[in-house]
Amino acid sequence: MKRSVTHHAVTIERRYKAKPARVFASWSDPKQKAVWFHGPDERARDTLELDFRVSGREHASGVAQDGTRHTYDALYLDIVPNERFILTFWMNIDGAPISTSLQTVQFAPDGAGTLLTFTEQAAFLDGFDGPDSREEGTRWLLEQLAQALGE
Amino acid sequence: MTAATKSSIARDTIVLERTYRATPDRVFHAWADVEARTRWSKPWPEMDLVYDSHDFRVGGTDISRCGLKGEFNWTAEVQYLDIVRDKRLIFSERMAEDGKPQSTALVAVEFFAKGKETLQIVTIHILTLDGSDMLEGYAGGWNPVLDNIAAELEQVA
Chain A
1 MKRSVTHHAV TIERRYKAKP ARVFASWSDP KQKAVWFHGP DERARDTLEL DFRVSGREHA
61 SGVAQDGTRH TYDALYLDIV PNERFILTFW MNIDGAPIST SLQTVQFAPD GAGTLLTFTE
121 QAAFLDGFDG PDSREEGTRW LLEQLAQALG E
Chain B
1 MTAATKSSIA RDTIVLERTY RATPDRVFHA WADVEARTRW SKPWPEMDLV YDSHDFRVGG
61 TDISRCGLKG EFNWTAEVQY LDIVRDKRLI FSERMAEDGK PQSTALVAVE FFAKGKETLQ
121 IVTIHILTLD GSDMLEGYAG GWNPVLDNIA AELEQVA
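Line by line, the protein sequences are chains A and B. The numbering of the first sequence is the working numbering, which starts it at 1 and goes up by one. The numbering of the second sequence is the working numbering, which starts it at 1 and goes up by one.
Simulated from the structure, these hints should not be mistaken for lab results. Because the structure is a prediction, the values reported are computed rather than measured. For glycine and all other residues, C-beta sits at the position ideal for the given N, C-alpha and C. Fair warning: there could be bad hints in the mix.
Not the full set, but computed from the structure, chain B residues with beta-carbon under 8 Å of chain A [unchecked claim]:
1. Ser7
2. Ile9
3. Thr38
4. Lys69
5. Asn73
6. Thr75
7. Asp82
8. Leu89
9. Glu97
10. Gly99
11. Pro101
12. Gln102
13. Lys116
14. Leu119
15. Leu146
Stretches of chain A that chain B covers, calculated by requiring three or more beta carbons in the stretch to come under 8 Å of a beta carbon on chain B [claimed, not checked]:
16. 4-15
17. 33-39
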């Protein structure tokens, strides 16, 4: 296999009508997060496992329409309730590592709503995934979150 | 959002290159072997460093402590995310001083064979927390550490 590492950092801002505490809970509460945090074209999905505390872990997996199994694992590194959290996550497709990332999500009051700032510093591995498709996927997830909030 | 919010984060990416007079398998071993790593991980000779645990495999974690004059007030927690023998390793790292989080980082280390030598590229995505001066601390600490690896490889050649 031709090995490669592609580094990329992206920041995405997104505004929500809900207050920071409510938007934060959409990420910290396993039941709320499971509603919107999943792949775009899955035909099967496992239950989201989320232990939202520093040193806690998270695991999500699903089977895409093409039959490949996608897994996401995370380790929480820093949490300031209702303000921010930092995690590292790594993703596999059929057991092959496709990326490792450091992710920050910050929540700031924005009028009556929330300015969410999402940052991912990523190392994409061996050409399986790249900055453009990852950013597209992240924006899709942030839209899923808006719908889960009823926006 | 202003920079003066109660919780603040600064970001940077640092790329550090070294060419070592050793083949990739020997350089990789210097990272994988906890005894070697304990020797070369101290940025400054007067610093003390101990590994409380070491588990060099994907999903494994390391915990080490370091400080001056035996105080061991800094703690580093490493989680290994990807390991390809003799080619690369990627890990996350969280550093705390006296229990207070200072920084989190994603560190990717790649090894490229150049004849009998190895080009090592270390890419560090770093986040520093709440006014910590670790952005400077990271580059200032990693540069002597990477020089220590050269000395380590010459000692065991």
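- request: Return the numbers of the hints above that this structure violates; sort them in rising order.
  value: Hints 3, 4, 5, 6, 8, 9, 10, 12, 13, 14, 15 and 17 are the ones this structure does not satisfy, whereas the remaining hints hold.
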